[in-house]
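Chemist: Sequence:
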Amino acid sequence: MKKYIIWEILFAVIVVAVVLFFVFRDRDQTTVADQALEKGKQLYAEAAARGDDLSAGPCLSNGVFPGATPTDQWVVDIAHSPRVEQDNFEINQCSAYVRGEAKHYIELDERGGLIKYF
Numbered sequence: 001m002k003k004y005i006i007w008e009i010l011f012a013v014i015v016v017a018v019v020l021f022f023v024f025r026d027r028d029q030t031t032v033a034d035q036a037l038e039k040g041k042q043l044y045a046e047a048a049a050r051g052d053d054l055s056a057g058p059c060l061s062n063g064v065f066p067g068a069t070p071t072d073q074w075v076v077d078i079a080h081s082p083r084v085e086q087d088n089f090e091i092n093q094c095s096a097y098v099r100g101e102a103k104h105y106i107e108l109d110e111r112g113g114l115i116k117y118f
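Just so it is clear: in the sequence shown, position 30 is 30 by the UniProt record's numbering, and no numbers are missing.
Honestly, the hints are just simulated from the structure, not real lab data.
C-beta atoms are modelled at their ideal positions from N, C-alpha and C, and glycine is treated no differently.
It is possible that some hints are incorrect.
Unchecked claim - Capping the alpha-carbon separation at 30 Å, the derived lysine-lysine pairs in BS3-like fashion look like this:
1. Lys116 x Lys39
2. Lys41 x Lys3
3. Lys116 x Lys103
4. Lys103 x Lys39
5. Lys41 x Lys116
Claimed, not checked - Now the in silico label distances, taken between C-beta atoms and shown as ranges:
6. Glu110 x Gly67: 29 to 37 Å
7. Tyr117 x Ala12: 14 to 22 Å
8. Tyr117 x Lys3: 54 to 62 Å
9. Leu114 x Ser55: 13 to 21 Å
10. Asp34 x Ala56: 24 to 32 Å
11. Glu38 x Pro58: 16 to 24 Å
12. Gln35 x Ala56: 55 to 63 Å
13. Ile91 x Gly112: 49 to 57 Å
14. Lys2 x Asp34: 25 to 33 Å
15. Thr30 x Glu85: 33 to 41 Å
16. Phe65 x Ala12: 44 to 52 Å
17. Lys2 x Asp72: 24 to 32 Å
18. Ile14 x Pro58: 20 to 28 Å
19. Glu101 x Asp34: 18 to 26 Å
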């Protein structure tokens, strides 16, 4: 009988520990992609506030994380939505991405809306 009570108590402790873990874990963790998207939105807001001409689809950043390796680096580019042929030309894309110095790409439209990211 004592053996069953010990097992029941142990089981209850484990269940409570698991529940507490999920209740109190850090929900504010952001992914690198989330951080890059936030930085992209910030760069767009700064360019728009300066009155930069975004109609030609400029590259806003060839690297949002200073010192990051190409595998971890993100670029931020403006493109047309819907996409036009000039958006596909390498000359109109972020040079760090074209040269392989950044693996990840954030594409915003002329109004700062997210087109895609990868």
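Chemist: Run every hint past the structure and note whether it holds.
Modeler: For each hint, the structure was consulted:
Between the alpha carbons of Lys116 and Lys39 the distance comes to roughly 15 Å, so the proposed pair stays at or under 30 Å and holds. Distance check on the hinted pair: Lys41 and Lys3 sit about 60 Å apart at the alpha-carbon level, beyond 30 Å; violated. Restraint check for Lys116 and Lys103: satisfied, since their Cα atoms lie roughly 14 Å apart, inside the 30 Å limit. With a CA separation close to 16 Å, the supplied pair Lys103 and Lys39 stays within the 30 Å bound.
Note on Lys41 and Lys116: the hinted pairing holds, with a Cα-Cα distance of about 13 Å set against a maximum of 30 Å. Judged by the Cβ atoms, the range 29 to 37 Å given for Glu110 and Gly67 holds: they are separated by roughly 30 Å. For the pair Tyr117 and Ala12, the beta carbons lie near 45 Å from each other, so the given range of 14 to 22 Å is not met. In this structure the hint that Tyr117 and Lys3 lie 54 to 62 Å apart at CB holds, the actual value being about 56 Å.
Between Leu114 and Ser55 the CB atoms are about 18 Å apart, so this pair conforms to the stated range of 13 to 21 Å. The hinted range of 24 to 32 Å is satisfied by Asp34 and Ala56, whose Cβ atoms lie roughly 28 Å apart. The beta-carbon spacing between Glu38 and Pro58, approximately 20 Å, falls within the hinted interval of 16 to 24 Å. In this structure the supplied range 55 to 63 Å is violated for Gln35 paired with Ala56, their Cβ-Cβ distance being about 27 Å.
In this structure the hint that Ile91 and Gly112 lie 49 to 57 Å apart at CB is violated, the actual value being about 23 Å. Between Lys2 and Asp34 the beta carbon distance is about 51 Å. The supplied range of 25 to 33 Å is therefore violated. Take Thr30 and Glu85: their Cβ atoms lie about 35 Å apart, and the range 33 to 41 Å holds. Distance hint for Phe65 and Ala12: a CB-CB separation of about 45 Å, consistent with the stated range 44 to 52 Å.
The hint said 24 to 32 Å for the Cβ distance between Lys2 and Asp72, and at roughly 55 Å that hint is violated. Distance hint for Ile14 and Pro58: a CB-CB separation of about 56 Å, inconsistent with the stated range 20 to 28 Å. Taken as a hint, the range 18 to 26 Å holds for the pair Glu101 and Asp34, whose Cβ atoms sit roughly 22 Å apart.
In the structure shown, a violation is registered for the earlier hints numbered 2, 7, 12, 13, 14, 17, 18, in ascending order.
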